[in-house]
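Assemble the complex: chain A is given as a structure, and chain B must be docked to it using the hints.
Chains A and B are the protein sequences, given in the same order. For the first sequence, numbering that gives the first Met the number 0 begins at 0 and goes up steadily by one. For the second sequence, numbering that gives the first Met the number 0 begins at 0 and goes up steadily by one.
Honestly, the hints are just simulated from the structure, not real lab data. All clues stand as given, with none of them false.
Here are the computed lysine to any residue pairs in the SDA-like style, where the Cα-Cα straight-line distance is at most 25 angstroms:
hint : chain 1 : residue 1 : chain 2 : residue 2
1    : A       : K88       : B       : K172
2    : B       : K172      : A       : Q83
3    : B       : K172      : B       : R104
Ranges between beta-carbon positions, derived for each pair:
hint : chain 1 : residue 1 : chain 2 : residue 2 : range
4    : B       : N164      : A       : E274      : 23 to 33 angstroms
5    : B       : S183      : A       : S257      : 46 to 56 angstroms
6    : A       : V36       : B       : T117      : 40 to 50 angstroms
7    : A       : A143      : B       : S183      : 20 to 30 angstroms
8    : B       : N164      : A       : F35       : 15 to 25 angstroms
9    : A       : K88       : B       : T117      : 48 to 58 angstroms
10   : B       : P264      : A       : E123      : 22 to 32 angstroms
11   : A       : V36       : B       : N164      : 26 to 36 angstroms
12   : B       : Q162      : A       : F35       : 25 to 35 angstroms
In this text, a Cβ means the ideal position worked out from N, Cα and C, and glycines have one as well.
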Amino acid sequence: MQSLSTPELSVGEGVPPAKIVVRELRKEFRTRNDTFVAIDHISLEIDQGAFFMIVGPSGCGKTTLLRILAGLDTPTSGEVRIVQEDPSKPGNSMVFQGDSIFPWMTVWDNAAYGLRMRNRPQHEIDEVVGHYLDRTGLTRFASAYPHQLSGGMKQRVSIARAFANDPEILLMDEPFSALDEQNRTLLQEELLRIWDETKKTVVFITHSVDEAVTLGDRIMVMTAQPGREKALIDVPFERPRHVLELRARPAYGELVYSIWSRLRDEVQQARLQDEAIGSK
Amino acid sequence: MKISAPVGRKDVKARAGFSNTMRDRIIGLSSPLLLLLLWEIAVRLGIVDARFFPPPSRILVTLVALIESGVLWANTWASLQRLFWGSLIGGVPALLLGVVMGTYRPIRAALNPLVAATYPVPKSAILPLILLIFGLGEASKIAMVAIGVFYPVLINAVAGVLQINRMYLDVGKNFGASRWRTLSTIALPGALPLIMTGVKLGVGMGLILISIAEMIGAKSGLGYMIWNAWEILSVETMYVGLLVIAVLGYAFTLLLDELERWIIPWKADH
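With the rest of the complex left out, here is chain A (with noise of 0.2 angstroms):
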C-alpha cells in the first residue's frame, strides 16, 4: 500500500529521469545573536509529471523549500537542479498563500501577467487566458475586480494565472488553506481536473494530511524546526481521482490515519518548541 523510503532514490533503467533533484539542501536564517535553521539535510527527486505534496506542521520550513525551488530564495547549502526541457518556456510558476492577484488589475489582466511580462503574443494571450478562465468558472468575471470577488474565486483566479503561464513545474504554496471546507474541496477536485489535462510536475505544500492525500502521488512528511524529510509515503490511488469518492475508501482513512500518526509527533514537537521560545 505505501512505501517508505530514504531520501537517495534508486532511479532504475527506463524510468523518466528526475525533473527537480533536490541535495542536501539547508537554509539558515541568522537573527543578532543566533542562527536559525529553517530547513537541513533536504534531497528530493521528483518524477516529471508527478504531483508532489510536502507536508508538515507550521514553522517546519516548507515555505522556504518552496521559495528556494521558486529562485526566490538562495539555499545557504546544498543544491536544486530543475531539468528545463523547453527553454522558450518558465522554469516555475507558483500559486501562492493568501491573496496574491493585483487587486488594480481585472481577472483576466491578473490571469494574462505571466504572458505578457513574457512578451508573448496577443492572440496567444487571449486564446491561453480564455481556456483558463473557461477551465476555473471564471469567465463571467473576465472583467471583475478582485475586491468584487470571493476568496474562493480569487484563488481560482491565482491558479488561472499560474497554468496560462505554462511553466515547467508548478509551485503551490498552501492555495487553499483559507477558504472553508466546501471551497477547498471544489478547489481541490477543479484542481485535479485542470490538472490531469496538462500532467505538469506539481510540488505543493500544505498542512492538511487530507489535502496531501487527495491531490498528490508522493508526500514528503516533514519534521518540525529545523525541517527535515521525516517520510516519503507513495499514495497509491489511480487517476483521475474524484475527491468525495476517494475519501469514502477504507484505504483513503488507513493512509490518513498512518500519515497523521507519524506527523503527530512532530505537531507536538513543534508545539513545546513554541512553549519553550514563549516561555524565555
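What follows is chain B alone, placed relative to chain A:
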C-alpha cells in the same frame, strides 16, 4: 382595491426616503444662508463694523460688478493657469521620483535626508529666493506652486510604494517582470491610492502658495486682486477674492474625487 394597496405602501416608503435626504439638503443649504442673514442684520444694526465686515448684500453687488467688468474672470484665469502648470511641473517629477525612491532602497537612502531636511522649510519663506531666481514674471509663481505640490506627492508616493504587500513583488519576480515592468505594473498602481491623497494635499498647498505669491510682485491673479483691494481699501473686493478661492478649493476637491474614481476603479469603497 387589491391592486392599490401595495402601490400605496410603496408610495409611502418612497416619500419617507425622499423627505429624509431632502431634509438634510435643506439643512445643509440653509445653515450658511442663515449665517449670512445674521451677518447682514448685525451690520445693519451697527453691532458689527461695516468697514471690516461689509454686509453680504454689498459683497454680492461687488461680485456682480467684478464679473461684468471681466476683472474677476481675468484674475481667476491667471491663477488657474499658474496652478495648472505648477501642479504639472511639480507633481509629475515628484510622482516618478517617489515611485523610484520607494522601489529602490539605495536611492531612498540617498535622497531621504534631503527631503526630510527641506520639507519643513515654510514654502512662503523661500518666496524672496524664488523671486530672486525666477524674477517677477510667471515663472516665479509657477515655481511656488510646483514646490508646494512636489513634497506631498513625493512623500505620499514613497509611502505608497512602501506599503505595497511584499507578496506582490514576489509575484512580479516569479512571473518574470523586468525592472521597468515591476515599476509600471506593481509599484505605480499599488501606490496610486496614496499618490492621489498626495495630489489632493498638493493642490490645496498650491492654492495657498499661489495666493501668497501673487500678493508680491504680480499684476494679475486672485492673490493680486486681494492685495490690491487692501491697498485701495476696497474691502468688498477682498471678500470676493476669498470667496472665489474657497469655491475653487471646493471645486478641486470634487474634481479630484471624480478623477480618483476614474483612475482607481479597483478601490472597494467607491
